[in-house]
Amino acid sequence: MKGILLTYALILTVFVPARSQTAKAYDAAAALSFESNDFYSAMKYYEQSLQVEPGRPTILYRYAESARHFGALQVAEKNYAYLAGQEAQAQFPDLNYWLADVKKSLGKYDEAIRFYQGFLAQKTGDGVLRHRAVEEIDVCEWALEEINNPDVTMLIERMPGAINSSNSEFGTFRYKNETYFSSFQNIPWGDKHLPERPLLRIMKMDLGTSNPIALFNAANKHTAHLNFSKDGQLAVFNYCEYTGETDIQCTLYYSAFDGAVWSDPLPLPEQVNMQGYTSTQPHIAQKVDGQYLLYFVSDRPDGVGGMDMWQTWITNTGEASAPQNIRLLNTPDDELTPYFFAPENTLYFSSTGYPTLGGFDVYKSRLEKGNWSDPEHLSIPVNSSFNDIYYAPQEDNWAFFSSNRVGSSNIDEDACCYDVYKATILPVNLETMAYSEMTGQALDGVVFSLIEAEKPSYTRFVNEGNATSWEVQKNKEYAVVAHKEGYFPDTVTLLTQRIPADRRYMKKLFLKPNITLAVQTYNQLSEELLAGVSVRLIEVRGRSEDQVIESGSGGTVSVDFKKQYMLVAEKEGYYPDTLMVTEEELRSMEPGAKLDRNFFMTPASLAGYLPLSLYFDNDQPKPGRRVQSYDQAVSEYLTQKEKFLATFTAGMDSAEQQGAIERLDRFFSEDVEGGYLKLEYFAENLDLFLENGYEVTILVKGFASPLANSEYNLALTKRRIASVKSYFRKYENGVYAAYISNGQLQIQSAPLGELEAPEAVSDDYRNKRMSVYSLEASRERRTEIIEVNLSKN
Numbered sequence: 017m018k019g020i021l022l023t024y025a026l027i028l029t030v031f032v033p034a035r036s037q038t039a040k041a042y043d044a045a046a047a048l049s050f051e052s053n054d055f056y057s058a059m060k061y062y063e064q065s066l067q068v069e070p071g072r073p074t075i076l077y078r079y080a081e082s083a084r085h086f087g088a089l090q091v092a093e094k095n096y097a098y099l100a101g102q103e104a105q106a107q108f109p110d111l112n113y114w115l116a117d118v119k120k121s122l123g124k125y126d127e128a129i130r131f132y133q134g135f136l137a138q139k140t141g142d143g144v145l146r147h148r149a150v151e152e153i154d155v156c157e158w159a160l161e162e163i164n165n166p167d168v169t170m171l172i173e174r175m176p177g178a179i180n181s182s183n184s185e186f187g188t189f190r191y192k193n194e195t196y197f198s199s200f201q202n203i204p205w206g207d208k209h210l211p212e213r214p215l216l217r218i219m220k221m222d223l224g225t226s227n228p229i230a231l232f233n234a235a236n237k238h239t240a241h242l243n244f245s246k247d248g249q250l251a252v253f254n255y256c257e258y259t260g261e262t263d264i265q266c267t268l269y270y271s272a273f274d275g276a277v278w279s280d281p282l283p284l285p286e287q288v289n290m291q292g293y294t295s296t297q298p299h300i301a302q303k304v305d306g307q308y309l310l311y312f313v314s315d316r317p318d319g320v321g322g323m324d325m326w327q328t329w330i331t332n333t334g335e336a337s338a339p340q341n342i343r344l345l346n347t348p349d350d351e352l353t354p355y356f357f358a359p360e361n362t363l364y365f366s367s368t369g370y371p372t373l374g375g376f377d378v379y380k381s382r383l384e385k386g387n388w389s390d391p392e393h394l395s396i397p398v399n400s401s402f403n404d405i406y407y408a409p410q411e412d413n414w415a416f417f418s419s420n421r422v423g424s425s426n427i428d429e430d431a432c433c434y435d436v437y438k439a440t441i442l443p444v445n446l447e448t449m450a451y452s453e454m455t456g457q458a459l460d461g462v463v464f465s466l467i468e469a470e471k472p473s474y475t476r477f478v479n480e481g482n483a484t485s486w487e488v489q490k491n492k493e494y495a496v497v498a499h500k501e502g503y504f505p506d507t508v509t510l511l512t513q514r515i516p517a518d519r520r521y522m523k524k525l526f527l528k529p530n531i532t533l534a535v536q537t538y539n540q541l542s543e544e545l546l547a548g549v550s551v552r553l554i555e556v557r558g559r560s561e562d563q564v565i566e567s568g569s570g571g572t573v574s575v576d577f578k579k580q581y582m583l584v585a586e587k588e589g590y591y592p593d594t595l596m597v598t599e600e601e602l603r604s605m606e607p608g609a610k611l612d613r614n615f616f617m618t619p620a621s622l623a624g625y626l627p628l629s630l631y632f633d634n635d636q637p638k639p640g641r642r643v644q645s646y647d648q649a650v651s652e653y654l655t656q657k658e659k660f661l662a663t664f665t666a667g668m669d670s671a672e673q674q675g676a677i678e679r680l681d682r683f684f685s686e687d688v689e690g691g692y693l694k695l696e697y698f699a700e701n702l703d704l705f706l707e708n709g710y711e712v713t714i715l716v717k718g719f720a721s722p723l724a725n726s727e728y729n730l731a732l733t734k735r736r737i738a739s740v741k742s743y744f745r746k747y748e749n750g751v752y753a754a755y756i757s758n759g760q761l762q763i764q765s766a767p768l769g770e771l772e773a774p775e776a777v778s779d780d781y782r783n784k785r786m787s788v789y790s791l792e793a794s795r796e797r798r799t800e801i802i803e804v805n806l807s808k809n
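Heads up: the sequence shown begins at 17 in this note's numbering, then just goes up one per residue.
If you are wondering where the hints come from, they were derived from the structure by calculation, not from laboratory data.
From the three backbone atoms N, C-alpha and C, an ideal C-beta is built for every residue, glycine too.
Below 30 Å or equal to it, Euclidean Cα-Cα: the simulated DSBU-like pairs (lysine-lysine) are:
#, residue 1, residue 2
1, Lys-438, Lys-492
2, Lys-438, Lys-490
3, Lys-380, Lys-471
Between beta-carbon pairs, the in silico distance windows are:
#, residue 1, residue 2, range
4, Gln-673, Leu-704, 44 to 50 Å
5, Ser-485, Lys-220, 39 to 45 Å
6, Gln-656, Glu-772, 22 to 28 Å
7, Ser-485, Thr-259, 54 to 60 Å
8, Gln-307, Leu-171, 35 to 41 Å
9, Glu-384, Arg-557, 46 to 52 Å
10, Asp-142, Asp-305, 50 to 56 Å
11, Ile-467, Gly-143, 53 to 59 Å
12, Glu-588, Val-751, 18 to 24 Å
13, Arg-343, Pro-73, 42 to 48 Å
14, Ser-757, Glu-606, 54 to 60 Å
15, Glu-588, Thr-507, 40 to 46 Å
16, Ile-467, Arg-514, 19 to 25 Å
17, Asp-305, Glu-480, 51 to 57 Å
Generate the whole structure from the sequences, applying the supplied hints.
Right under this line is the structure:
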C-alpha cells in the first residue's frame, strides 16, 4: 500500500546528467519507475528526457501523469494544459478529464467544470471516467457554494517546527498533557535500497523539541499511528514494512500496561491482521466490560471497496472479536483515519467516496441509538482542495489534523508533504437586548435565560443596561427568555447554522406590559356588589376567542395594550351591560398596573345599552330605492374610513394632521364600529324579553348634518330610522318580524332632521372637507335609540 496512503518524497534513483544518456534510455527508466509506483522518479526521468528531446506529446502526457500521481499538481496542470492547447485530445482521449481533475485539486472549480464538460462533449474516452465527469461537475458546483460559505468559527494554524519537518507528520494526539505524532525520519536503518529510504517513527514533543520515543519504535520497521486507551492500560499502533519501492504493508500491534511497565509489542490476532492485507490507523474509542472498541482501516476482502473502516472489540491480552465493516459509512472509494470523539458521540474520518473539495475531505457521523447519522462534511477552512486527514478533536474546543495544502512543507515541485495543523473553534457570541414593546425604550432589571435542548438553562440578571451576552456553539438550537416584573416574558429562538462573518448574533426581545383588567359588578338600583355575573372580554377587530371572567365580582384578566376590548356583563334577570376599553387608555397605563371597570346591572331592563348611537355615511341611505338595513349601511360606511382620513387631513401640517387622524380613527373604531357592536348585543338580548311576554317599545331619534336644506334633511333622518327598523325586521332571518307585526315590538320614530345640529357644524357645500369629512359633521349623521319601555300583561 503506497506510503500508508500518504505521499512523501522518495528520491530512489541517482540521476545521470542528460548529455550522457539518450532520451530513449530515460523513457525506459521512467516507464519502469511508473510501473513500480515510484512516480517521483518517473517524473524526474521524463523531465530529463524532455530536456534531451523536448515537445514530444506522448512523453509530455506521461510526464503529466507521473506528476499527477506524485502530487506535483502544478507540473501536471501545466503539461496537460499545453497538450490541450495543441488539441491533442484525439491522441489522448482522457486528457480533458485529468486536466479537470488536477484543476479541481488546485481549487480551480470553474475551470475544472469547463474541462469536464469538454471531456463529455468529445463523446470518446474511458466510460467510467465519463460517468465520473458528470458527478464531478455537480461536486465542483457544490464546492463553489462551499467557498462562499466558509466556517468562520474555525481558525486554522500550522503547528510550529517542533512538530512539522520537511517530511510528513500526521496522526497527532494529546495524552497526559503530552503530544504524540508520527513522522517520516531520514535515519539509517539498514535499508538495502540506494539511496536509503525514510522510516516512520512515533514522536513525542517535549520541552519544545520532538524526538522518537524509545518505547514501541522498532529499529528497522515503520512505526506509526500510536493510540492509547483513555484508562492508560492499552496501546495500539502499526509496524509496517516496504513490499516494493514505495508500497508498504502494515500490521496492528498492541502493548498492555501493568501499572509499572508496558509489555513487549505483540500483533493482534489474524482475524484483525488478515494475511496479505494492510490493517492500519487504529483508534481506541471506549471501554465496556473490560473490552476496548477499536476502529481501524483495512483493504481486506468483504469490504465496500478501497480502504474501509472496520471495528472490533479487543482486550489488553490480545483477544479480538471478528471485525465488522462499518457499511453505513464506507464507500467504494477510500475511507481513512477514523477518530471517535466521545463527548459528541461522533466519528470523524476522511474520505474520497463522498463529495470533496479535492482529495480527501473530513466528514463526521454521530452515533445515535446504535445507528450512524448521514455523514456531514466539515466546511472550509478545515477542508481544502488538497488532502485533509487525521482530524482529532480535543476536549477544549480544538482539533489536530494533517494536510498537504498550500503552506505545507514540500520537497520538489510543490509536492509532498503532510504537516500537522491546529483547528481552533472560535467563540460565537449571542447578544440579547430587552426593550419595552409599548415604548420601544431599553429595559433594565431584566432576567435573561439561555436554554439549549436537553441541557440546563443559564440565567443572568441585568441590573443596569438592557443587554447581556452568551457564548454559543454552531449547529445548535437555542431559546432566550426575558423576564421583568410588570411585563409578560418574551422569547426568541436561534439556530446557529449560518454564522455571521463577525461571529456575532444580536437578538432583541420586546416585553409587553402586563396590564390587569379588574372587573366589579353592582346592582344599579341597590348599588351593592352583585355576584355570579359572567363578564365576556371581546377583542374588537380581533380573531381570538372571547375570554370569560366567571366571577363578576373582583374578576381579573390580563389585556394587550395594542388592542381595544368590549366588556359585556350578563346575569340572568338583569339587562346586559357593556363597557369599552380603548387602546389609548391601555397605552397610558404603567407596566404591572391595574385598570378598574365597574358594571351596574339593571334588573330586567335593556336600559344598560342606552343611549345607543348609530352613525351613517353622508347622504345615506339614498332616496328612491329600498332602504338599506343598518348592517349593510355601516359596512359600506366603514370602507370609507381611509377616504375620510385623507380628505379631512389634507393640507395640515404634520403635528395637526397626526392629531386629526387619531381623533377620526378613534371615532370610526369606538363610535361607528363600537356602536354597531352594541346594537348587535342589544338585538341579541332583546329576544330574552320578547320570549318572556314583554311588550317592548323602542324610541329612535334621527339626526342629520346641516349640509342640505331642512326638508331634505328631515326626509334623510326618516330614511335612517327606517334603516334601523329594517335591521330589526331582518335580524337573524327575521326572528323579530312576527313581534313587529303583532305589535309586541314597536319602534317609534322621532326624525329631527338638522334641528339639533350645533351652529358650529359647517353647511358649506363648497367646503366638503368640513361639511362632509370633519369629525363634527360626522357625529351629526346618526340615529339614537334613547329609550326602551317594557311592559308585561
